[in-house]
Amino acid sequence: MDFQLSEDQRDLATGVREFCEGRFDRDRMRDLVDKNRVPGMVDRALWTELAETGFFSLRVPEAEGGVGLGSAEAVLVYEEAGRVLLPGPLVATHLAASLGGDLGAGAASGELIVGVVDAEDSPILVEHLDVLDVLLVLDEDGIRRVAPSSVSGTAVKNPVDPFTPLHHVEALPEGTRVGDADTAARFRREGAVLTAAVQLGIAGRLTELATQYAKEREQFGRVIGGFQAVKHLCAEMLVRTEIARAAVYSAAVTLDDPVVGDLAVAVPAAKLMADDAATRNGKDATQVHGGMGFTWEVDVHLYLKRAWVHATQFGGAEENEEALAATL
Amino acid sequence: MDFQLSEDQRDLATGVREFCEGRFDRDRMRDLVDKNRVPGMVDRALWTELAETGFFSLRVPEAEGGVGLGSAEAVLVYEEAGRVLLPGPLVATHLAASLGGDLGAGAASGELIVGVVDAEDSPILVEHLDVLDVLLVLDEDGIRRVAPSSVSGTAVKNPVDPFTPLHHVEALPEGTRVGDADTAARFRREGAVLTAAVQLGIAGRLTELATQYAKEREQFGRVIGGFQAVKHLCAEMLVRTEIARAAVYSAAVTLDDPVVGDLAVAVPAAKLMADDAATRNGKDATQVHGGMGFTWEVDVHLYLKRAWVHATQFGGAEENEEALAATL
Amino acid sequence: MDLRYTEAEERFRAELRAWLDEALPKLPPKPDRNDWPGRRAYDTTWQRMLFDAGYAGLHWPVEAGGKGATPTEHLIYLEESERAGAPYVGANFVGLLHAGPTINAAGSDEQRRKYLPGILSGEDVWCQGFSEPGAGSDLASLRCRAVRDGDEYVINGSKIWTSHAEVADYCEMLVRTDPDAPKHKGITWLIVPMDTPGITIRPLETVMGTSEFAEVFFDDVRVPVGNRVGEENDGWRVTMVTLSFERGTAFVSEVVACQKLLHDLAELAKKVTRRQATAWDDVALRRELGHLTAEFEALWALTKWNVSEASRSGVPGIGGSVFKLRFSETKQKVYDLAHRLLDRAALCVEDVAGLPSGHLMDERLSSLSYTIAAGTSQIQRNIVGERILGLPKER
Amino acid sequence: MDLRYTEAEERFRAELRAWLDEALPKLPPKPDRNDWPGRRAYDTTWQRMLFDAGYAGLHWPVEAGGKGATPTEHLIYLEESERAGAPYVGANFVGLLHAGPTINAAGSDEQRRKYLPGILSGEDVWCQGFSEPGAGSDLASLRCRAVRDGDEYVINGSKIWTSHAEVADYCEMLVRTDPDAPKHKGITWLIVPMDTPGITIRPLETVMGTSEFAEVFFDDVRVPVGNRVGEENDGWRVTMVTLSFERGTAFVSEVVACQKLLHDLAELAKKVTRRQATAWDDVALRRELGHLTAEFEALWALTKWNVSEASRSGVPGIGGSVFKLRFSETKQKVYDLAHRLLDRAALCVEDVAGLPSGHLMDERLSSLSYTIAAGTSQIQRNIVGERILGLPKER
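Protein chains in written order, with numbering that gives the first Met the number 0: chain A, 0 to 327; chain B, 0 to 327; chain C, 0 to 394; chain D, 0 to 394.
Simulated from the structure, these hints should not be mistaken for laboratory data. Just so you know, these numbers come straight off a predicted model, no measurement behind them. A portion of the hints provided could be inaccurate.
[Claimed, not checked] Here are the computed lysine-lysine pairs in the DSS-like style, where the Cα-Cα straight-line distance is at most 27 Å:
(1) K156/A / K29/C
(2) K270/C / K156/A
(3) K259/C / K270/C
(4) K182/D / K214/B
(5) K214/A / K182/C
(6) K214/B / K392/D
[Stated by the list, open to error] For each label pair, taking beta carbons as the anchor points, the in silico distance ranges come out as:
(7) S148/B / R201/D: 41 to 49 Å
(8) R9/A / P60/D: 23 to 31 Å
(9) A17/D / D30/B: 50 to 58 Å
(10) R142/D / D30/B: 27 to 35 Å
(11) K269/C / S108/A: 45 to 53 Å
Note that CB positions come from ideal geometry on N, CA and C, so glycine has one too.
Bound-form chain A, shown alone (with noise of 0.2 Å):
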């Protein structure tokens, strides 16, 4: 056993920040919210070059032109997209590209852009739907692909996530089957884990930012980290960060090896610890930074709303809790 980052891990894990931090940074994202949006909130270059860069074909076996990496590296990448708040449907694209054929050889080129939508919900709304190429959809009997012009629906004008544009839809069209059960239920599981990655990056990012917060700004004379009212917060975000990540490296180890663990538990513990920790860490960020905190102009705000987005994804937090329940 060795539950640590193997070298090639940090290397990626370094490259990927870089790369993020490098086409996705502050300013460009303050950019794209502020100012210069785009349809579906996805930037078409930025999409090639994250596929370029592997986001979407990483485990997809390197004799089908993939990366073919495993799930433990793909999480690596996706907590690093969560810290950037790199917008669109990552991880629905990168589901998506292990499908094969046109579809996942698309969606693994960043040629699709590729969205997912579960039939249960309701209401049914479908994320960045004005740029996506191709939706899928997760129902009883499996995923169906469903043509995104064919989808009616309205869109919604004031999504709390700014980066998420939403289309509220009453009924999704037929569409074509391309997945049966068995493949809608590994969509879930690696959907939750991948997400809960981000979550992950949203977690850290915000105990970060926190904690740089509070070690510049000054009130009674000393800067407010000292007092333990805010140490105390800052001490907590990074405990809930650093469980989080121990449950999302080791669910996704385990997805890339199931007989290290129970999949019924790791899976729903990584999502539900990482959403926790993501949306949590986001109101304890917004009370750190004081009045600050509730400007748009802070950034705070918008890993919180992000957050919130990923913890209605591939299960939410009272359904991971009874999925729980069911393995005792």
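Assemble chains B, C and D onto chain A, guided by the hints.
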């Protein structure tokens, strides 16, 4: 509207506090629990003094030989009982005094020590059985009276609260009917509010104990109450106490004058807030005391354990929350 | 302990209720949230209606043009207004609750005559210039300077969190007049007309994407010395005087609103389905609603307790921080619950699929500020620990 | 990131499991909790069995008589022992985990030869004299004095929270040898035979009504200078060395025990009835159990993370405080839940009506100490905030 203590009420509270501190001070309390334990943990001589002071006849009309006061006054008295951890079936005997006849008169005068048990409990645990003269059973149809000697139960060797001895009883005898369903419902309401008052006293005393310790105990060259982490624990204890106080007093006034509120909300709210304050303050007071809080010799655990007992009497948290939801 | 209202109080309530029934339909439609002139007009129209009906300055002393009502009457006024759906104090907030009472208590006769009538009648709107980017919880560390130049003060600096700045006539301001004095000492309280040259207003966008607040910049802004309330460098004391006007009624509308909201959420829970059943069938959610019901029952009782205490003593009790701590955290929990109840609909800050997600999520975002604004929960716990429990002050 | 055990690790596990299966039935019956000599005999018998089978001092260096096992092997040892229901380290705790490693790292060859074998074989039992009534979280403020008198130190003062004091052979002690030096500087580490004249032991009753700890009083207790480990006044550094032996395995047994407990609580919930249904039918309780399952899944993963880090670097990572904070609070939540589940049966610290309230409530009381012992949660948050996040130290 004048939701503050009247002068008479203030005098009453002061008087009862002086009585309690005089007749059942810390030394006597510790003596009873540590050295000179008596059957049922009730000292008959003290019980008689309590009766003379009006603990049981407080709400019995003057015409019937009682003090003729209301629930508003009763909660002030029972809060003081909680502050000093007066043991025994105080609330049950007080309620019995309202039944009239020999039973009521005996309870009011302190000749009879009366206990109460809920027939619906599972397991059935009778408190203070060894010293009871009368046991009242609350059941679906009302209240029945049972001779304690006819109750066959097994003494619990290690009750969590050393002041509240218990007998485990498989089945309760039939007994004789002494109250109908309406009276039982009244008992439950008044019992909940008076027990909430005892919890309020416990919560307040725990706040004092923790605050006092925080002012005296030094670590790292200063008193620990100067550290925000400790200060804020104490502050939250006070907040819980004052919130509970408002709820308990308000419920008591509403018992006396139902038009000023809604008993279906006021009663469970008072019990819920007071149980919450007493048990959570017990936990926090332990934490403030550090290692000392884990010792038998510091009083905190005695308050916490008593709070746990009261939290199960006349409606627990889940029951009260459901009852409150039903009012929405 | 008496929770019964007196006959006079019941009469006051009945008359108010009757008037509200009659007056509210006459109000123009509510303006859009971002229409600041419209909001000013709406709020001041309502204030004028209150004025004409004799309800303006209910809690002000009679000699200041108010009604000298008791705290209990004020509580009744706020409770009934909220239940009837009357407008909030809105643009009149600073005038009625801060600037007016301060001028009455610490100003000159001339200042009283000049400023108080306009506040009561809804003619004048005031805003507040207290907080600064560097002076939040530690308000006394403010740095906006005013330098005496003959008969004028020359103001330079900036203020933040100013509501209604764009439409206000006057600003009540705290400025530093002696930078060498200990920080609570060199502060002065000034009245600044908002049309004075040199004032720039920059809307401050909140996490809700709206501009409820502004930053206000002062660049050589000149006001006459006669606009000073109280003595030079005595502004901190003048401000503290205002605090004594709080009589336990600050959150009455909000507590009543939350109690209404809990009923609405119960209705919503009975309507929304999660997989097989309604949300109301989920006992955890139901108990959480029950628990919150208890919290607001207690907070309502505590409100009456604090108001009664103020009625007796004439000064605010120590209960304000206790109340504010629990109230703000509990109100956040209500919106946490609303968020949970809405599930994916919570991703829309607008109504979707017949669900009231617009209002609820807007308030849910707003709720982030409850534990921050007007003294963070951390500061409130310090106050409770130090001033009520007597624990040593922070070093 | 690899969670698969190596073949060698799997072999180690298989052999250990086989031995445990064979050895455990040979153990005498467990003594009564208050029978201290019996407990000593039981714990040291087990230690002797481990010693004979080659498992004693698993994590000690080979040169100290240990097995030099990796942190991962130690984890496997603790996990398998807990799953098999083997005894805890008990009376051997201080010797195996504190005193022994310290003597090995900082003692003389003679001290190593004299003290280490007895610890490994279970012959000698050690207790700890670090904490004092006035020195809890602030351990370095200890005041128990030792004055040099020729070839001896003369000890006066008292220690608290000492386990197994009544049955121990030796005490590892921190004493103040220079009262004038800064508080971390004047401390010395001593070995004190417990049969030295002048030692008085007073059992310390806990909230559980039992005496797991004692206060130990020292009245002119004389020990040879040769009993000093490290230099005079260098005891703080010597103690810090011991901390470096923690390799992420401190809570392995407890995490495994909690995971088992959650299954037991689920069984219990399916059995106990509340009014119409079982507790398991209560979705709130079920979800709480599910949530705690996630917490312990994460804590188990974090354990492996910390152990792997220690295996690589040989030094403990920064994760200890992070782990301890979450673990102690989560374990408290488990017993809160058990309390809730037992309802009125929770009023008995003994089994009643076929419910396991004895064990559960005993642990529930014990759980009050989790967030206090070995560094309160408040101190742990300081450590995380200051040492990991780099926030300024308390002033």
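Hint check:
For a cut-off of 27 Å, the pair hint linking K156/A to K29/C stands: about 21 Å separates their Cα positions. Between K270/C and K156/A the alpha-carbon distance is near 24 Å, which keeps this suggested pair within the 27 Å criterion. For a cut-off of 27 Å, the pair hint linking K259/C to K270/C stands: about 17 Å separates their Cα positions. Among the hinted pairs, K182/D with K214/B is consistent with the structure: their alpha-carbon atoms are about 23 Å apart, no more than 27 Å.
Note on K214/A and K182/C: the hinted pairing holds, with a Cα-Cα distance of about 23 Å set against a maximum of 27 Å. Of the pairs offered as hints, the one joining K214/B and K392/D holds, with about 22 Å between alpha carbons and a cut-off of 27 Å not exceeded. The hinted window of 41 to 49 Å between S148/B and R201/D holds, with their beta carbons roughly 43 Å apart. In this structure, R9/A and P60/D meet the distance hint of 23 to 31 Å, their C-beta atoms being roughly 30 Å apart.
For A17/D and D30/B, the hinted distance range of 50 to 58 Å is satisfied, since their beta carbons lie about 57 Å from each other. Checking the proposed 27 to 35 Å range against R142/D and D30/B shows it holds: the Cβ atoms sit about 32 Å from each other. Look at K269/C against S108/A: about 49 Å separates their beta carbons, and that is inside 45 to 53 Å.
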